[in-house]
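So the sequences go chain by chain: A and B.
First residue of the first sequence? That's 830 in our numbering, and the numbers climb one at a time after it.
First residue of the second sequence? That's 9 in our numbering, and the numbers climb one at a time after it.
Treat each hint with caution, since some may be false.
Stated by the list, open to error - Computed list of lysine to any residue pairs in SDA-like fashion (alpha-carbon distance at most 20 angstroms, straight line):
| # | chain 1 | residue 1 | chain 2 | residue 2 |
| --- | --- | --- | --- | --- |
| 1 | A | K1139 | B | F129 |
| 2 | A | K855 | B | K300 |
| 3 | B | K300 | A | I944 |
| 4 | B | K300 | A | V1027 |
| 5 | B | K187 | B | K154 |
| 6 | A | K943 | B | V49 |
| 7 | B | K23 | A | R1042 |
| 8 | A | K855 | B | G86 |
| 9 | A | K943 | B | K119 |
| 10 | A | K1025 | A | P990 |
| 11 | A | K890 | A | A871 |
| 12 | A | K942 | A | K855 |
| 13 | A | K855 | A | A871 |
| 14 | B | K119 | B | K25 |
| 15 | A | K942 | A | K848 |
| 16 | B | K31 | A | R945 |
| 17 | A | K1139 | B | K23 |
| 18 | A | K943 | B | K23 |
| 19 | B | K300 | A | I948 |
| 20 | A | K1139 | B | I104 |
| 21 | B | K25 | A | G905 |
| 22 | A | K1025 | A | K890 |
| 23 | A | K943 | B | I43 |
| 24 | A | K855 | B | V49 |
| 25 | B | K31 | A | K855 |
| 26 | A | K1139 | B | F40 |
| 27 | B | K154 | A | V1113 |
| 28 | B | K300 | A | K1139 |
Stated by the list, open to error - One side only, chain A facing chain B, incomplete, derived with CB under 10 angstroms:
| # | residue |
| --- | --- |
| 29 | D851 |
| 30 | I939 |
| 31 | P941 |
| 32 | P973 |
| 33 | P977 |
| 34 | L981 |
| 35 | L982 |
| 36 | M985 |
| 37 | L1101 |
Hints are computed from structural coordinates only; laboratory data are not their basis.
From a predicted model like this one, the values you see are computed outputs, not experimental measurements.
The beta-carbon is built from N, C-alpha and C at its ideal position, and this holds for glycine as well.
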Amino acid sequence: MADDDKDKFLLKQRTVSEKFIDEGFKLFFLSMASIVAIIVFAIFVVIFYQSLDSIDSYGMKFLTTSNWNPVTDEYGAFTAIYGTLVTSFASLIIAVPLGVGTAIFITEDIIPKKIRGLIGLMVELLAAIPSVVLGLWAIFVMEPFIRPFLNLLYKMFGWIPFLSTQPIGPGIAPAILILVVMILPIITSISRDSLKQVPAKLREAAYGIGATRWTAMFNVILPAAISGITGGVLLGLGRAMGETMAVTMIIGNTNTFSWSILSPGYTISAMLANQFGEADGSQVSSLMYAAFILMLLTLVVNIFAQWVVKRLSLKY
Amino acid sequence: MTISKLKANLIYDPKSKRNLTEKLFTSISAIFSIIAILPLVLVLAYILIKGGSQISWETLILEPEPPGDDLLSAGGIGPAIIGTFIISSIASIISIPIGVGGGIYLAEYAKGGPFSRFIRFGTNVLAGVPSIIAGVFIYAVIVATKVLFGSMFSGIAGGMALSILMLPTVIKTTDESLKLVSDDLRRGSLGIGASMFTTVIRITLPAAFRSIATGIVLGLARAAGETAPLIFTALFSRYYLTGFGDLFYEMGSLSVLIYNFALEPYEAQNELAWAASFILVVLLLSMNILSKLVSDIASGDSNK
């Protein structure tokens, strides 16, 4: 064997530059990962710091009063907080059965696989339609269409405080409906994934002892998938709380408080979207305070969702 | 006698209580899925018909007129289309290196210690942050402080706000796609003496490239349709860019145009909003469908 041939198989020590590059890129990737943590921290610190003024001057009163007057510097976000909670929970109540029902329909062998895939794809594409476009559709198409139904609701059940105002256009109820459309995809796709992950053995065992499809569903498959489904529902709740554009366009944006879901209302995110561009002075600080509350709400929901997924998962 | 009774039970009786309940639940779930896809069909049909009929060369190219000036023609959405592309590009330029780099760190270097768990947790928190909060944050840090050459609202600030929304998607998809790459490839590469960096760049990244790319496109499609973070970071402008310096000033985008013009009391403006919705929806849906097709092909390959 010639000498230069031998050289090919000699173990070579890494050159300094090679080591340097290797270490350098490890550091680079590490710092890129750290940026995420820094951004999360920065968001909290900045928004909290900016809202300190308002927290000092209004404190807890901010959460329980609902006069919002930049001229006299009086701020209370109760209407917006109520609106945020009502719209998100009400939309959840409608979207959960719809989403989970759809997920079951497209995981079980009820219809051919191709149609199931198509329905799944369509629900996912629904998530790709921007919020602002859904808002536009809600203003011009959905709201005029459902107004007679809401009016009927008012005429029949107007004595209930939640339905006690005459619907005149934009309001909390249409906002709830458009939120249902927006959180449906996330609930459906996460429920579908969790149902698919239920081991085939469980189904086989259930069918083997003579269970029908739906007895197996309610007693075996759903309990096994409940952690994922709950996680998806909570993620949907977080999404609904923070959802801005469609809600801002259809909710009516008024800070006058009313229990009724047929009246116009406000959410925290709608308030931010409406006022931030032109706010100054103590109004900015108060808006930051509202943003801080919204962030805490969604954070609690999201962390709870992650905890549920980890904690509730059955060990089959 | 008992045997015949048993036999009778084995015959499928469509009117038995048990089978009726079965049918009831099946039809309920079928109705629910129809209700679930109904909004997509309705919204799409309306946008394609109403928005599509507004599309012409003029709408695509002209600048929008000030509201109320001309009640018959509101001009076009040209600057907003360009603006959406520019703002999304800025968002990608920021979030792709950070996201892919961070994803590489999580999948290749981190050994499951507290730091990587913390980063994953942070990514999930960031994914749950409402989009408007990203706007508020950029407003406080960039817009209000005027750090960008003393200008307030700017296309760059808008891009930064969108990049915060893209970042968690990019990190997660990079992390997950790299984890799917077989360890044999890594061992093979490291075994013939390649450095860790060479292994990542030459072996694992190319193997995961397609799924990372589809993840990025999906993240981009989500960010490009966002409005909330833009309405007080990029604000809105009716004019075309004239040069590089305009990046530091207000910039229009399709989504903000839809929002602004939807709330105008003038018919012509509302129609422009529908036209912009048509462009935006067609753009985002085709990005989504394309990336789904590509990822289906990719997963089909690995199955063989």
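Hint check:
1. K1139/A <-> F129/B: holds (13 angstroms)
2. K855/A <-> K300/B: violated (32 angstroms)
3. K300/B <-> I944/A: Holds, at about 17 angstroms.
4. K300/B <-> V1027/A: violated (24 angstroms)
5. K187/B <-> K154/B: The given pair, whose Cα atoms are some 41 angstroms apart, is violated under the 20 angstroms limit.
6. K943/A <-> V49/B: At roughly 18 angstroms apart (the allowed maximum being 20 angstroms), V49/B and K943/A satisfy the hint.
7. K23/B <-> R1042/A: holds (16 angstroms)
8. K855/A <-> G86/B: Judged against 20 angstroms, a Cα distance of about 43 angstroms means the pair is violated.
9. K943/A <-> K119/B: violated (41 angstroms)
10. K1025/A <-> P990/A: violated (42 angstroms)
11. K890/A <-> A871/A: Not satisfied, since the Cα-Cα distance of roughly 27 angstroms exceeds 20 angstroms.
12. K942/A <-> K855/A: At roughly 45 angstroms apart (the allowed maximum being 20 angstroms), K855/A and K942/A break the hint.
13. K855/A <-> A871/A: Violated: K855/A and A871/A sit about 24 angstroms apart, past 20 angstroms.
14. K119/B <-> K25/B: violated (56 angstroms)
15. K942/A <-> K848/A: Answer violated: K942/A to K848/A is near 53 angstroms, above 20 angstroms.
16. K31/B <-> R945/A: holds (18 angstroms)
17. K1139/A <-> K23/B: Between K1139/A and K23/B the Cα gap is close to 43 angstroms, so the pair fails against 20 angstroms, i.e. violated.
18. K943/A <-> K23/B: violated (30 angstroms)
19. K300/B <-> I948/A: Given that 20 angstroms is the threshold and the Cα spacing comes to 15 angstroms, the pair holds.
20. K1139/A <-> I104/B: violated (29 angstroms)
21. K25/B <-> G905/A: violated (56 angstroms)
22. K1025/A <-> K890/A: With Cα atoms ~48 angstroms apart, K1025/A and K890/A exceed 20 angstroms; violated.
23. K943/A <-> I43/B: holds (19 angstroms)
24. K855/A <-> V49/B: violated (48 angstroms)
25. K31/B <-> K855/A: violated (59 angstroms)
26. K1139/A <-> F40/B: violated (29 angstroms)
27. K154/B <-> V1113/A: holds (16 angstroms)
28. K300/B <-> K1139/A: violated (28 angstroms)
29. D851: Where the cut-off is 10 angstroms and the nearest Cβ of chain B is about 5 angstroms from D851/A, the hint holds.
30. I939: holds (6 angstroms)
31. P941: violated (13 angstroms)
32. P973: The hint is violated - P973/A has no Cβ within 10 angstroms of chain B, the shortest such distance being about 12 angstroms.
33. P977: violated (17 angstroms)
34. L981: violated (20 angstroms)
35. L982: Since chain B brings no Cβ nearer than about 19 angstroms to L982/A, farther than 10 angstroms, the hint is violated.
36. M985: violated (23 angstroms)
37. L1101: holds (5 angstroms)
The structure fails hints 2, 4, 5, 8, 9, 10, 11, 12, 13, 14, 15, 17, 18, 20, 21, 22, 24, 25, 26, 28, 31, 32, 33, 34, 35 and 36 (numbered hints given earlier, in ascending order).
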